[in-house]
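> Could you build all of it, start to finish, from the sequences and the hints given here?
Going by numbering that gives the first Met the number 0, the residue at position 134 of the sequence shown is 133; the numbering climbs one at a time, nothing skipped.
In short, the hints are calculated from the structure, not lab data. There could be a bad hint or two in this list.
To be verified - In the DSS-like style, the derived pairs of lysine-lysine whose C-alpha atoms are separated by at most 27 Å in a straight line are:
1) K63 <-> K75
2) K75 <-> K1
3) K63 <-> K1
4) K103 <-> K63
5) K15 <-> K1
6) K75 <-> K147
7) K156 <-> K15
8) K63 <-> K102
9) K147 <-> K63
10) K15 <-> K102
11) K15 <-> K63
12) K75 <-> K156
13) K103 <-> K75
14) K147 <-> K103
15) K103 <-> K1
16) K147 <-> K102
17) K102 <-> K75
18) K1 <-> K147
19) K156 <-> K102
Stated by the list, open to error - Ranges between beta-carbon positions, derived for each pair:
20) T176 <-> F133: 28 to 34 Å
21) A165 <-> D132: 28 to 34 Å
22) E148 <-> D22: 24 to 30 Å
All values reported here derive from a predicted model rather than from experimental measurement. In this text, a Cβ means the ideal position worked out from N, Cα and C, and glycines have one as well.
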Amino acid sequence: MKILIAYGTTDGQTRKIARFCADRLTDSGHAVELLNVSDGGDIDIERFDAAILAGSIHLGEYQKSLEAFVTTNLPKLTQCDTLFLSVSLSAAGDDADDWAGLKKYVDDFSRTTGWAPSRVEQIAGAFRFTTYDFFRHWAMRWIAMSKKETIDPHSDKEYTDWVRLAAILDDWCNGLTP
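This is the structure in structure tokens:
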């Protein structure tokens, strides 16, 4: 199958997740094209049998470039199998309120874009202290402290469960319609 992986990223973890997906699917025999939606440009998504879209939540929203990509390509996205990977630090925990918020963000995104993904998975992100500016660094330290997370504010901390993500990809691919 020919699969598009389109992603929006803010600090780089969603890019890393998208690359992992591309490697996993390529190793499984699929033809994969990776697209950072912020790079813009036209892409003929009619060429693809299925699509994975990935975006990270920041301040309650996904990247505007991801929203624009989905809106522009909505007719094709509604006609093929899709997997939406929603990336957030909240997905690393088990707080019921956080998980309700994650669902709300996906629902809001679907309502705004008109897109109903075939499948949605919440993927834990990362603290990327080495990439943050001064204000974001302090905001993320506050978030970590409020969740009682032990962090080193001078290094990154990754929460993405790569084994779980691989299992999600394998399961999704097994359900694709050839």
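> None of the hints should be skipped; say for each whether it holds.
Status of the hints after comparison with the structure:
Pair hint K63 plus K75 holds up; C-alpha atoms about 19 Å apart against a cutoff of 27 Å. Pair hint K75 plus K1 holds up; C-alpha atoms about 14 Å apart against a cutoff of 27 Å. Taken as a hint, the K63 and K1 pair is honoured in the structure, with Cα atoms around 26 Å apart against an allowance of 27 Å. Of the pairs offered as hints, the one joining K103 and K63 holds, with about 17 Å between alpha carbons and a cut-off of 27 Å not exceeded.
Only pairs whose Cα atoms come within 27 Å are accepted, and K15 paired with K1 is accepted, the gap being roughly 20 Å. For the given pair, K75 sits about 43 Å from K147 by alpha-carbon distance, which is inconsistent with the 27 Å threshold. Between the alpha carbons of K156 and K15 the distance comes to roughly 14 Å, so the proposed pair stays at or under 27 Å and holds. Between K63 and K102 the alpha-carbon distance is near 18 Å, which keeps this suggested pair within the 27 Å criterion.
This hinted pair does not check out: K147 and K63 have alpha carbons roughly 30 Å apart, beyond 27 Å. Distance restraint check for K15 and K102: the Cα-Cα separation of roughly 23 Å lies within the 27 Å cut-off, and the hinted pair is therefore satisfied. Between K15 and K63 the CA atoms are separated by roughly 19 Å; this keeps the pair inside 27 Å, and the hint holds. Between the alpha carbons of K75 and K156 the distance comes to roughly 37 Å, so the proposed pair goes past 27 Å and is violated.
Note on K103 and K75: the hinted pairing holds, with a Cα-Cα distance of about 24 Å set against a maximum of 27 Å. For the hint pairing K147 with K103, the CA-to-CA distance comes to about 24 Å; that is within 27 Å, so the pair holds. Annotation: proposed proximity of K103 to K1 is violated, straight-line Cα distance about 31 Å (limit 27 Å). Taking the CA atoms of K147 and K102, the gap is about 23 Å. The hint holds against a cut of 27 Å.
Annotation: proposed proximity of K102 to K75 holds, straight-line Cα distance about 24 Å (limit 27 Å). The straight-line distance between the Cα atoms of K1 and K147 is roughly 43 Å, outside the 27 Å bound, and the hint therefore fails. For the hint pairing K156 with K102, the CA-to-CA distance comes to about 24 Å; that is within 27 Å, so the pair holds. Here the CB-CB span from T176 to F133 is close to 49 Å, at odds with the stated 28 to 34 Å.
At roughly 33 Å, the beta carbons of A165 and D132 sit within the given window of 28 to 34 Å. Taken as a hint, the range 24 to 30 Å holds for the pair E148 and D22, whose Cβ atoms sit roughly 28 Å apart.
Against the hints set out earlier in the document, violations occur for numbers 6, 9, 12, 15, 18, 20.
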